[in-house]
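Asker: Listed below, chain by chain, are the residues.
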Amino acid sequence: MTKITRRTFNGILGGVGAAAALGVTGCANVGGGGRPHVVVVGGGFGGATAAKYIRRRDPSVQVTLIEPSETYYTCPFSNTVIAGINRINFIAQKYNKLADKYDINVIHDRVEAIDPAKRTLVTAGGTSMSYDRMVMSPGISFKWGAIDGYDEAAAERMPHAWNAGQQTELLRKQLAAMDDGGTVLICPPKNPFRCPPGPYERASLIAYYLKRNKPRSKVLILDPKDAFAKQGLFVEGWDKMYADLIEWVPAAKDGTIASVSAADMTVESELGEVHKGDVINVIPPQQAGAIAVRTGLTDGSGFCPVDQMTFESTIHPGIHVIGDASIASPMPKSGYSANSQGKAVAAAVVAMLKGQAVPTPGFMNTCYSLLAPDYGISVAAIYRMDGNKIAGVKGAGGVSPTGAQYQFRKKEADFAEGWYASIAQDSWA
Amino acid sequence: MKGRTRSLGLLAAIAFTVAPAAVHAADDISVIVDACAGCHGTDARSPGEMPGFSDKTAEKIAKVMLEYKSGEKEATIMDRVVKGYSEAQLQAIAEEFAARNSR
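Read top to bottom, the protein sequences are chains G and P.
The opening residue of the first sequence carries number 1 in my numbering; numbering runs sequentially from there.
The opening residue of the second sequence carries number 1 in my numbering; numbering runs sequentially from there.
If we strip away everything but chain G, and leave its shape as in the complex, we get:
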């Protein structure tokens, strides 16, 4: 494949005319009037949003988005696919609008290596390029082997379905093929992990499916935690709808899984209790996406320390890490957090390229979970900067009320679907 240097790259994509016309001067790191170039690595909620919002904020900045998949399957609403409520196409997102409407150079390739000092990268397909700033939104990768016996091969029998797509379909098909009276095991990880309420929404929607199709079956959640996100609301809904179907085993009752056997379709607890499952969903411990680990952007936690104002890596300047891979606590690892961070990082990157002061960002997270297609619950949080740390605004946000009437839950379920339509448009269109 042709090697593209930045010089020729800029030439291909339109030169310096636009920057001059807009009166932009003094672009940092770009000598002699070339347009600044931002490379966005990863086209999920964080990366797609960052690419779009950089172009919205400053059309003089060239943006290249590098994402391996031509179709991106979102984790939000993937549990409805597993439960047979929506088809897989419902969660499919494409990149043509980012390319056409925002003039983003979308490359479907995998970033192989990055040189943070030279600000260059090379892809698996052999393309190399340089960047003035990079936004990396690589999502998560799995700590294979952290649970004894759970490796990539085991994940083909015991799907994690914690990256959506083929794994989502695999879990859906296993559930559809299961006999009535079967047991579904769900094994969530310890904190922190992607989408804290996700395993419990999954348990709910699988129970929804089983109640209608295989009512003698059971969902057993084997949890290494003693508490989980939106717990009060989930338990209230389970008591109402799935009392005989869902059982949650916390860490205090030996819920922590030490090992699995894909051949026997069993999992073994820390104290040695063996559970047999007909469908087993192991959601393993996680770390930042592979390219972040390979580039040395992670610390001992497996995630990426950043300046929370700019999301610039504290390890490698010039690379801004957002989304699930970054350490943005108290923000949770969610699609909405990544989308919100994508906008803040867009503002920061545009300012930094111009040598201007970085605007003080504000952030938000809203997250809906479905317990049934007509039963939704939510959590919201507002974040602002406290010095250079992100802090939740006290007295704001929080979860849906417990004890609400049917109409309230139904309305939140409708808003959950509206949320998906909006955030998909806001990120990819």
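Read the hints as simulated data drawn from the structure, not as lab findings.
All figures in this text were calculated on a predicted structure; none of them were measured in a lab.
Ideal Cβ positions, reconstructed from N, Cα and C, are used throughout, including at glycine.
Fair warning: there could be bad hints in the mix.
To spell it out: a stretch of chain G is covered by chain P in this simulated footprint if at least three of its residues, at any positions, have a beta carbon under 8 Å from a beta carbon of chain P; those stretches are [what the hints assert, rightly or not]:
#1 104-117
#2 334-344
#3 393-401
#4 404-415
Every beta carbon over 10 Å from chain G, so not counted as near; a handful from chain P, in silico [as the list claims (entries may be wrong)]:
#5 Arg45
#6 Phe53
#7 Glu59
#8 Val64
#9 Leu66
#10 Gly84
#11 Ala99
Using the hints provided, position chain P relative to the given structure of chain G.
Answerer: Chain P in isolation, oriented as in the chain G frame:
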């Protein structure tokens, strides 16, 4: 500070005509407004069940948010969201939405 936040909203609304340095100095209302788009769609052009308000004036948008804040208007989630902002910030947010929509 309250008055300042409000004037920043106005400044952000005309960002493309003024020296950028003036807007990018402090709390940026435009980033806060961008954050709303995750639920309401880019520039409040909601494609689905969420309320969109891309055709509404700043007065109307501010009125609804302030009613959520006072509890006068019932909500499923916006009552929890508006608590994160001062009245002056809500006013500035409304002005920024309306300014974008009139472009």
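Asker: All hints are to be evaluated individually against the structure, with a verdict given for each.
Answerer: Each hint tested on the structure:
1. Given as covered by chain P, the segment 104-117 of chain G fails the check, having 0 residues with a CB less than 8 Å from a CB of that chain where 3 are the minimum.
2. Note: the segment 334-344 of chain G has 5 residues with beta-carbon separation from chain P under 8 Å; the three-residue rule is met and the coverage holds.
3. With 6 residues having a beta carbon nearer than 8 Å to a beta carbon of chain P, the segment 393-401 of chain G meets the requirement of three or more and the stated coverage holds.
4. Counting residues of the segment 404-415 of chain G whose CB lies closer than 8 Å to any CB of chain P gives 5, so the stated coverage by that chain holds, three being the minimum.
5. Listed as a non-interface residue, Arg45(P) fails to keep its Cβ farther than 10 Å from every Cβ of chain G; the least gap is roughly 8 Å.
6. Distance to chain G confirms Phe53(P) as a non-interface residue, since its nearest Cβ pair spans about 12 Å, more than 10 Å.
7. Non-interface call for Glu59(P) relative to chain G: holds, since the shortest CB-CB distance, roughly 23 Å, exceeds 10 Å.
8. For Val64(P), the requirement that its beta carbon stay farther than 10 Å from each beta carbon of chain G is met, with the minimum near 16 Å.
9. Distance to chain G confirms Leu66(P) as a non-interface residue, since its nearest Cβ pair spans about 15 Å, more than 10 Å.
10. Listed as outside the interface, Gly84(P) is inconsistent with that label: its C-beta sits roughly 3 Å from the nearest C-beta of chain G, within the 10 Å cut-off.
11. Once the 10 Å rule is applied to beta carbons, Ala99(P) is consistent with being away from chain G; the minimum gap is 14 Å.
When held up to the earlier numbered hints, the structure conflicts with 1, 5, 10 and fits the remainder.
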